[in-house]
Amino acid sequence: AQTVTQSQPEMSVQEAETVTLSCTYDTSESDYYLFWYKQPPSRQMILVIRQEAYKQQNATENRFSVNFQKAAKSFSLKISDSQLGDAAMYFCAYRRAGGTSYGKLTFGQGTILTVHP
Amino acid sequence: EAQVTQNPRYLITVTGKKLTVTCSQNMNHEYMSWYRQDPGLGLRQIYYSMNVEVTDKGDVPEGYKVSRKEKRNFPLILESPSPNQTSLYFCASSPHTSGRARETQYFGPGTRLLVL
Numbered sequence: 001a002q003t004v005t006q007s008q009p010e011m012s013v014q015e016a017e018t019v020t021l022s023c024t025y026d027t028s029e030s031d032y033y034l035f036w037y038k039q040p041p042s043r044q045m046i047l048v049i050r051q052e053a054y055k056q057q058n059a060t061e062n063r064f065s066v067n068f069q070k071a072a073k074s075f076s077l078k079i080s081d082s083q084l085g086d087a088a089m090y091f092c093a094y095r096r097a098g099g100t101s102y103g104k105l106t107f108g109q110g111t112i113l114t115v116h117p
Numbered sequence: 118e119a120q121v122t123q124n125p126r127y128l129i130t131v132t133g134k135k136l137t138v139t140c141s142q143n144m145n146h147e148y149m150s151w152y153r154q155d156p157g158l159g160l161r162q163i164y165y166s167m168n169v170e171v172t173d174k175g176d177v178p179e180g181y182k183v184s185r186k187e188k189r190n191f192p193l194i195l196e197s198p199s200p201n202q203t204s205l206y207f208c209a210s211s212p213h214t215s216g217r218a219r220e221t222q223y224f225g226p227g228t229r230l231l232v233l
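Protein sequence lines, in the order shown, are assigned to chains D and A. When you line the first sequence up against my numbering, it's residues 1 to 117, in that order. When you line the second sequence up against my numbering, it's residues 118 to 233, in that order.
Derived by calculation from the structure, the hints in this document are not laboratory data. Wrong hints could be hidden among the right ones.
Stated by the list, open to error - Straight-line distance between alpha carbons at most 30 Å, and here's what the computed BS3-like set of lysine-lysine pairs gives:
{"id": "1", "chain 1": "D", "residue 1": "Lys55", "chain 2": "D", "residue 2": "Lys73"}
{"id": "2", "chain 1": "A", "residue 1": "Lys174", "chain 2": "D", "residue 2": "Lys73"}
{"id": "3", "chain 1": "A", "residue 1": "Lys174", "chain 2": "A", "residue 2": "Lys188"}
{"id": "4", "chain 1": "A", "residue 1": "Lys174", "chain 2": "D", "residue 2": "Lys70"}
{"id": "5", "chain 1": "D", "residue 1": "Lys78", "chain 2": "D", "residue 2": "Lys55"}
{"id": "6", "chain 1": "A", "residue 1": "Lys135", "chain 2": "A", "residue 2": "Lys182"}
Only chain A is shown next, with the shape it has when bound in the complex (with noise of 0.2 Å):
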């Protein structure tokens, strides 16, 4: 089955400790990308990777690093968690083809993250 996982689903750490969400697609997509939601600001955007070693920032960046050592593979790394990172994460997927599978972005299940 096509799918994005992320691991964990849930979380709940205290300010400071380090800690690593994981993303993992099973349909060979070039583009991934990291989205935090809060309500009343709808998803925004994180990181983002092209590729394999080819990643940018978003429109959140700060406080968040990311990696792409693998084409299926891409962590979310919070060095240093602080309260206001208390969010849900989506993890999301696309390819690098033509026509409507390119724009079409799959979603990951989310990550609940409470930072105290």
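Only chain D is shown next, with the shape it has when bound in the complex (with noise of 0.2 Å):
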């Protein structure tokens, strides 16, 4: 069985700085799709990123970036210029391609970020 595995409960960062996240997961896989999503104090659940195991190049949307280490079966999430609206909790995300796992997200346990003004 995938598991995927936040170490950080919680980080905090200085706003304007930059805050990395830490993701490890364990799967058999090698065809698998990792996402990082953000849940505001709003309880929503907001895609941030998402990466194609197969694709060697690191994704980045703007402000966000991984750091996709494929061997070592991590996915960190870097933020740039910290914004007090990146304040959230997020999470590590795993999904299997193909078959029929497309309905099944396996998440980690969390990462409360807190941004100091």
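Take each chain as given, in its own frame, and dock them per the hints.
What follows is the structure, encoded as structure tokens:
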């Protein structure tokens, strides 16, 4: 079974600075997808960034980028120029590609990010 | 507006009293899922559905039932709720298409359930 581990329950960063959130996963599959979701106090789940395992290039979305290390099974999220609105719980998630698994995401435990003004 | 809706948003009930949490999406998505979120455990999948009349168990299905009679609706049923089912519940949907759209799960706003 796949597992996703976020070892940082809480992180903090000063506004305008950079922070990196860690995520490791375990799978025997070679083709899969990885995601970072943001959950603000409203509790809505918002997709931040997505990475296909077969792509070597790290995904980027504006101030958000990932460091995807497939051999190490590591998938960290870097937030640059942090803003107060980035404060939220962040979840790392895994989904196997293909088959009948479209509906299933496996989530990590979450990391609470605090942004200080 | 494309969205996933859940009702109710908040619910307090007592042990053993059957309840249903509704989920509806207006995006014609084939795939729908239910998750529960508990502190320190992240989100865990309860059940998922790949299309009408096709459902399967997720990681924590015990004590829950689902049905998918219509494409847009995917209700979660707790036949005899217990206090360990107190949690925050999310419904999600995604399309059966190629590319980024398929990989994006759209989440509902969540239902906070307290079982006394």
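Cross-check of the supplied hints:
no. : hint                  : in the structure
1   : D:Lys55 <-> D:Lys73   : holds, 14 Å
2   : A:Lys174 <-> D:Lys73  : holds, 26 Å
3   : A:Lys174 <-> A:Lys188 : holds, 18 Å
4   : A:Lys174 <-> D:Lys70  : holds, 29 Å
5   : D:Lys78 <-> D:Lys55   : holds, 18 Å
6   : A:Lys135 <-> A:Lys182 : holds, 11 Å
This entry satisfies every hint, going by the numbered hints stated previously.
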